[in-house]
Amino acid sequence: MSEAGIEMNTTVDTTLAGRGGVGDFVALLKPRVMSLVVFTAVVALAAAPVTPHPIIAITAILCIAIGAGAAGALNMWYDSDIDQIMTRTRERPIPAGMVGRDEALAFGMILSAFSVVVLGLATNWLAAGLLGFTIFFYAVIYTMWLKRSTPQNIVIGGAAGAFPPIVAWAAATGTVTLEPVVLFLIIFFWTPPHFWALALVRSGDYARAGVPMLPVVAGVDETRRQIFLYSLILVPLGIAPAVLGFAGWLYLTVSVVLGAVFLGLAWRLYTGKGDAIGPVARRLFAFSILYLFAVYAALFIEQIVGLPPIKFAFLSLPGITA
Amino acid sequence: MEEEGIVLTEEQKRRRRMRSIAIGIALGALVVLFYLITIARLGPGVSDRPL
Numbered sequence: 092m093s094e095a096g097i098e099m100n101t102t103v104d105t106t107l108a109g110r111g112g113v114g115d116f117v118a119l120l121k122p123r124v125m126s127l128v129v130f131t132a133v134v135a136l137a138a139a140p141v142t143p144h145p146i147i148a149i150t151a152i153l154c155i156a157i158g159a160g161a162a163g164a165l166n167m168w169y170d171s172d173i174d175q176i177m178t179r180t181r182e183r184p185i186p187a188g189m190v191g192r193d194e195a196l197a198f199g200m201i202l203s204a205f206s207v208v209v210l211g212l213a214t215n216w217l218a219a220g221l222l223g224f225t226i227f228f229y230a231v232i233y234t235m236w237l238k239r240s241t242p243q244n245i246v247i248g249g250a251a252g253a254f255p256p257i258v259a260w261a262a263a264t265g266t267v268t269l270e271p272v273v274l275f276l277i278i279f280f281w282t283p284p285h286f287w288a289l290a291l292v293r294s295g296d297y298a299r300a301g302v303p304m305l306p307v308v309a310g311v312d313e314t315r316r317q318i319f320l321y322s323l324i325l326v327p328l329g330i331a332p333a334v335l336g337f338a339g340w341l342y343l344t345v346s347v348v349l350g351a352v353f354l355g356l357a358w359r360l361y362t363g364k365g366d367a368i369g370p371v372a373r374r375l376f377a378f379s380i381l382y383l384f385a386v387y388a389a390l391f392i393e394q395i396v397g398l399p400p401i402k403f404a405f406l407s408l409p410g411i412t413a
Numbered sequence: 040m041e042e043e044g045i046v047l048t049e050e051q052k053r054r055r056r057m058r059s060i061a062i063g064i065a066l067g068a069l070v071v072l073f074y075l076i077t078i079a080r081l082g083p084g085v086s087d088r089p090l
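Residue numbers (our numbering), protein chains in the order written: chain U, 92 to 413; chain L, 40 to 90.
Read the hints as simulated data drawn from the structure, not as lab findings. All C-beta atoms in this analysis are idealised placements derived from N, C-alpha and C, irrespective of residue type, glycine included. Fair warning: there could be bad hints in the mix.
Unchecked claim - So, partial list: chain L residues that the calculated Cβ filter (under 7 Å) puts toward chain U:
1) Arg56
2) Ala61
3) Ile76
4) Ala79
5) Leu81
Said to hold, decoys possible - Label-pair distances were calculated between CB atoms; the ranges are:
6) U:Val141 - L:Gly63: 53 to 61 Å
7) L:Gly67 - U:Ile392: 49 to 57 Å
8) U:Ile247 - L:Ser59: 39 to 47 Å
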């Protein structure tokens with residue numbers, strides 16, 4: 092072997108050393124998405140008929156939050172190429188050069204395994220299995236498959252963001268009944284109008300990155316039509332918890348009033364002309380966040396204060412038991 | 040003597056130290072969490088079992 096072959100390379104390559112700070116790893120967990128996940132899971136936990144021990148409840152929420160964060164890290168690992176192109180995402184830790192792709196992958200995998208196992212040990216394996224499926228759905232089904240292949244990406248992928256109430260309910264009760272499924276459906280049908288309203292004003296970004304968002308593939312008019320159609324499904328679903336007898340008058344009032352405003356904005360977006368589309372789309376995007384927060388908050392307040400649900404009593408809720 | 044191999048800058052060393060501290064805190068928190076989960080799962084019956 093020649094001397095050159097065994098000579099150590101003493102070149103200082105700072106790109107090999109971990110550059111990221113603690114904040115960069117926190118950013119990998121998508122804290123804003125995580126906050127919505129935590130909020131919806133807490134509400135489902137409060138609404139569940141079984142109240143777990145406070146330590147178990149906190150652990151369940153922690154595991155759901157970490158699981159959601161891990162899915163976010165895996166999403167950033169896989170999407171780092173297109174994140175680099177889009178204005179909205181180019182400051183994320185991987186495209187910014189603060190965290191390596193391998194670091195993000197390892198971080199996401201370890202946290203995924205950790206969150207699922209701890210949730211299983213602390214609560215039950217139905218909840219753990221559902222959390223594992225949620226992470227898989229977001230990282231593999233949505234990120235790796237749907238996102239780059241179909242304009243229905245966020246419709247089907249939205250299920251991942253809608254699962255946390257079911258996971259929390261399962262953690263508390265060991266079962267999945269109609270109530271958490273309705274909470275799931277509210278988020279599921281809320282996601283398309285929410286994201287497409289954003290995509291309407293950001294379609295250039297998605298087009299550059301080659302992501303087939305609906306406005307890029309089908310055009311603005313079709314997107315506005317579909318936003319309105321999904322809103323027509325969402326608003327009655329938003330009212331359903333009161334009709335089905337697990338929410339009270341406060342919830343009914345909030346869901347009806349805000350649902351009417353939601354539909355009104357979706358209609359204005361659908362029928363708007365030219366320059367009016369952008370501002371209405373922005374308003375609908377912002378209002379959609381308020382809508383979801385408010386209906387879940389109303390349900391939470393009713394549980395905490397102890398307001399009784401409205402009893403229409405024409406349904407007995409079917410369920411499956413773990 | 041000059042260091043060989045990868046030489047970290049002061050900023051990188053500071054970030055590595057902060058990461059190590061964060062991992063340490065997380066591990067400590069897990070110890071406490073697992074202890075509390077164990078106690079909560081065992082319930083009050085643990086002190087009332089036949090010996």
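#### Entry: Status of the hint placing Ala61 of chain L at chain U (closest C-beta pair under 7 Å)
Because about 5 Å separates Ala61 of chain L from the closest Cβ in chain U, which is inside the 7 Å limit, the hint holds.
### Query
Once the shortest beta carbon distance from Leu81 of chain L to chain U is found, is it less than 7 Å?
11 Å, violated
### Query
When the nearest CB of chain U is found for Ile76 of chain L, is that gap smaller than 7 Å?
At about 5 Å, which falls below the 7 Å cut-off, the nearest Cβ of chain U leaves the hint on Ile76 of chain L intact, so it holds.
### Task
Can you let me know if the beta-carbon spacing of Val141 of chain U and Gly63 of chain L is within 53 to 61 Å?
At roughly 36 Å between Cβ atoms, Gly63 of chain L and Val141 of chain U fall outside 53 to 61 Å, so the hint is violated.
### Query
Per the hint of 39 to 47 Å, is the separation of the Cβ atoms of Ile247 of chain U and Ser59 of chain L within bounds?
41 Å, holds
### Message
Holds or violated: the 49 to 57 Å window for the beta-carbon distance between Gly67 of chain L and Ile392 of chain U?
### Response
35 Å, violated
### Message
Take the shortest C-beta to C-beta distance between Ala79 of chain L and chain U; is it under 7 Å?
### Response
4 Å, holds
### Message
The hint names Arg56 of chain L as touching chain U; please verify it with the least Cβ-Cβ distance against 7 Å.
### Response
10 Å, violated
Checked against the numbered hints listed earlier, the structure breaks hints 1, 5, 6, 7; every other hint is satisfied.
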